[in-house]
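Here are the chains, one letter per residue:
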Amino acid sequence: GENVEQHPSTLSVQEGDSAVIKCTYSDSASNYFPWYKQELGKGPQLIIDIRSNVGEKKDQRIAVTLNKTAKHFSLHITETQPEDSAVYFCAATGSNSGYALNFGKGTSLLVTP
Amino acid sequence: NAGVTQTPKFQVLKTGQSMTLQCAQDMNHNSMYWYRQDPGMGLRLIYYSASEGTTDKGEVPNGYNVSRLNKREFSLRLESAAPSQTSVYFCASSRDRGRSSSYNEQFFGPGTRLTVL
Numbered sequence: 024g025e026n027v028e029q030h031p032s033t034l035s036v037q038e039g040d041s042a043v044i045k046c047t048y049s050d051s052a053s054n055y056f057p058w059y060k061q062e063l064g065k066g067p068q069l070i071i072d073i074r075s076n077v078g079e080k081k082d083q084r085i086a087v088t089l090n091k092t093a094k095h096f097s098l099h100i101t102e103t104q105p106e107d108s109a110v111y112f113c114a115a116t117g118s119n120s121g122y123a124l125n126f127g128k129g130t131s132l133l134v135t136p
Numbered sequence: 111n112a113g114v115t116q117t118p119k120f121q122v123l124k125t126g127q128s129m130t131l132q133c134a135q136d137m138n139h140n141s142m143y144w145y146r147q148d149p150g151m152g153l154r155l156i157y158y159s160a161s162e163g164t165t166d167k168g169e170v171p172n173g174y175n176v177s178r179l180n181k182r183e184f185s186l187r188l189e190s191a192a193p194s195q196t197s198v199y200f201c202a203s204s205r206d207r208g209r210s211s212s213y214n215e216q217f218f219g220p221g222t223r224l225t226v227l
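Protein chains in written order, with our numbering: chain A, 24 to 136; chain B, 111 to 227.
To be clear, the hints were calculated from the coordinates, so they are not data collected in a lab. Given the structure is predicted, the values throughout are model-derived calculations rather than measurements. Incorrect hints may have been included.
As the list claims (entries may be wrong) - Simulated pairs of lysine-lysine, DSS-like, Cα-Cα distance not exceeding 30 Å:
#: 1; chain 1: B; residue 1: K181; chain 2: B; residue 2: K167
#: 2; chain 1: B; residue 1: K167; chain 2: A; residue 2: K60
#: 3; chain 1: A; residue 1: K128; chain 2: A; residue 2: K94
#: 4; chain 1: B; residue 1: K167; chain 2: A; residue 2: K45
#: 5; chain 1: B; residue 1: K181; chain 2: B; residue 2: K119
#: 6; chain 1: B; residue 1: K167; chain 2: A; residue 2: K91
#: 7; chain 1: A; residue 1: K60; chain 2: A; residue 2: K128
#: 8; chain 1: B; residue 1: K119; chain 2: A; residue 2: K128
#: 9; chain 1: A; residue 1: K128; chain 2: A; residue 2: K45
#: 10; chain 1: A; residue 1: K45; chain 2: A; residue 2: K91
#: 11; chain 1: A; residue 1: K60; chain 2: A; residue 2: K81
#: 12; chain 1: A; residue 1: K128; chain 2: B; residue 2: K124
#: 13; chain 1: A; residue 1: K60; chain 2: A; residue 2: K45
#: 14; chain 1: A; residue 1: K65; chain 2: B; residue 2: K167
#: 15; chain 1: A; residue 1: K91; chain 2: A; residue 2: K128
#: 16; chain 1: A; residue 1: K65; chain 2: B; residue 2: K119
#: 17; chain 1: B; residue 1: K181; chain 2: A; residue 2: K60
#: 18; chain 1: A; residue 1: K81; chain 2: A; residue 2: K65
#: 19; chain 1: B; residue 1: K119; chain 2: A; residue 2: K60
#: 20; chain 1: A; residue 1: K91; chain 2: A; residue 2: K80
#: 21; chain 1: A; residue 1: K94; chain 2: B; residue 2: K167
#: 22; chain 1: B; residue 1: K124; chain 2: A; residue 2: K65
#: 23; chain 1: A; residue 1: K65; chain 2: A; residue 2: K80
#: 24; chain 1: A; residue 1: K128; chain 2: B; residue 2: K167
#: 25; chain 1: A; residue 1: K60; chain 2: A; residue 2: K94
#: 26; chain 1: A; residue 1: K65; chain 2: B; residue 2: K181
Given only the sequences and the hints, what does the whole structure look like? Please build it.
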C-alpha cells in the first residue's frame, strides 16, 4: 500500500521567516495530495491540496509543490505568524489505495514572536 | 451548518467494556470515515463508508465495527475495549470518493478522546 513519509517531525521558526515541510510517497498511482492543519484539541482542517496534473499551487502565504518523478511534495509557508503554529499533515491517495487518504506522521510547527 | 459532529468528546472505559462513538454530518456527503490518531503515528483509517449502505475496512479495523445508519450518520463500536484502543478518534466526511471526483476534500469532526484502563 501507499507509504507517506513526512519531515521534519518538529520545526521551529521565527515570525516572518519561511517554513518548509516535505513529504515523499511510494505509490506512483497516487494523484491527490492534500495538506491538513490541526490546532490543539481540534480536528484536522484542509489548508491546500494539489492534484497530479499540476506542479505548483499557491494560496496567499501557502504554496504546495509536487514533483511526480521524484514522488515528493512540499508545503511552503511564507511570512509565518504565531497563529501558524500547529501540527501539519500531508496525505496522498489514488486508485491503488482505494482512494483512502494515507497520512504522514505530522510536523509540529512552532512560530516564535 | 454544524459540519461533522461527534459524541462524546471524552470517554473513559474499563477493559472489556463496550461503547459506541457517534458521528453525524449535515453536508449531504456520500462518504464517511473513522480514523484514530496516536502520538507520532499520524491518522490511521479504521473503516470507511463510500456511500449509504456500504462499509469497508481500512488500515486498522481489528477490534472495531461500524454502522452506516443513514446518509448522515456513521457510528463506530468497540465491543470489548482494550488499553491499545486508547486514542483520539476522528470522524470525517467527503462529498465523494474516487479518481474522477473533484470532491475528495475530507471534513473532520472535533474528535473523541478515549481512554481504556
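Regarding the pair K128/A and K167/B, is the alpha-carbon distance no greater than 30 Å? Given pair K128/A, K167/B holds - Cα atoms ~21 Å apart, limit 30 Å.
Is K124/B close enough to K65/A, meaning Cα to Cα at most 30 Å? Answer holds: K124/B to K65/A is near 25 Å, not above 30 Å.
Does the alpha-carbon distance linking K167/B and K91/A stay inside the 30 Å limit? At roughly 28 Å apart (the allowed maximum being 30 Å), K91/A and K167/B satisfy the hint.
Taken at face value, is the distance from the CA of K60/A to the CA of K167/B at most 30 Å? 25 Å, holds
Given the hint that K65/A pairs with K80/A, test it: the Cα-Cα distance must not exceed 30 Å. 26 Å, holds
What's the verdict on K65/A and K181/B, does the C-alpha distance respect the 30 Å limit or exceed it? 24 Å, holds
Take a quick look at whether K65/A and K119/B sit within 30 Å of each other, Cα to Cα. Between K65/A and K119/B the Cα gap is close to 11 Å, so the pair holds against 30 Å.
Against the 30 Å threshold, does the CA-CA distance of K181/B and K167/B hold or violate the hint? Holds, at roughly 18 Å.
Between K128/A and K45/A, is the straight-line Cα distance small enough, at 30 Å or below? 12 Å, holds
Within a Cα-Cα threshold of 30 Å, do K119/B and K60/A meet the stated pairing? 20 Å, holds
Is it true that the CA of K94/A sits at most 30 Å from the CA of K167/B? 27 Å, holds
Hint check: K91/A vs K80/A, CA-CA at most 30 Å. Holds or violated? 14 Å, holds
The structure fails none of the hints (numbered hints given earlier).
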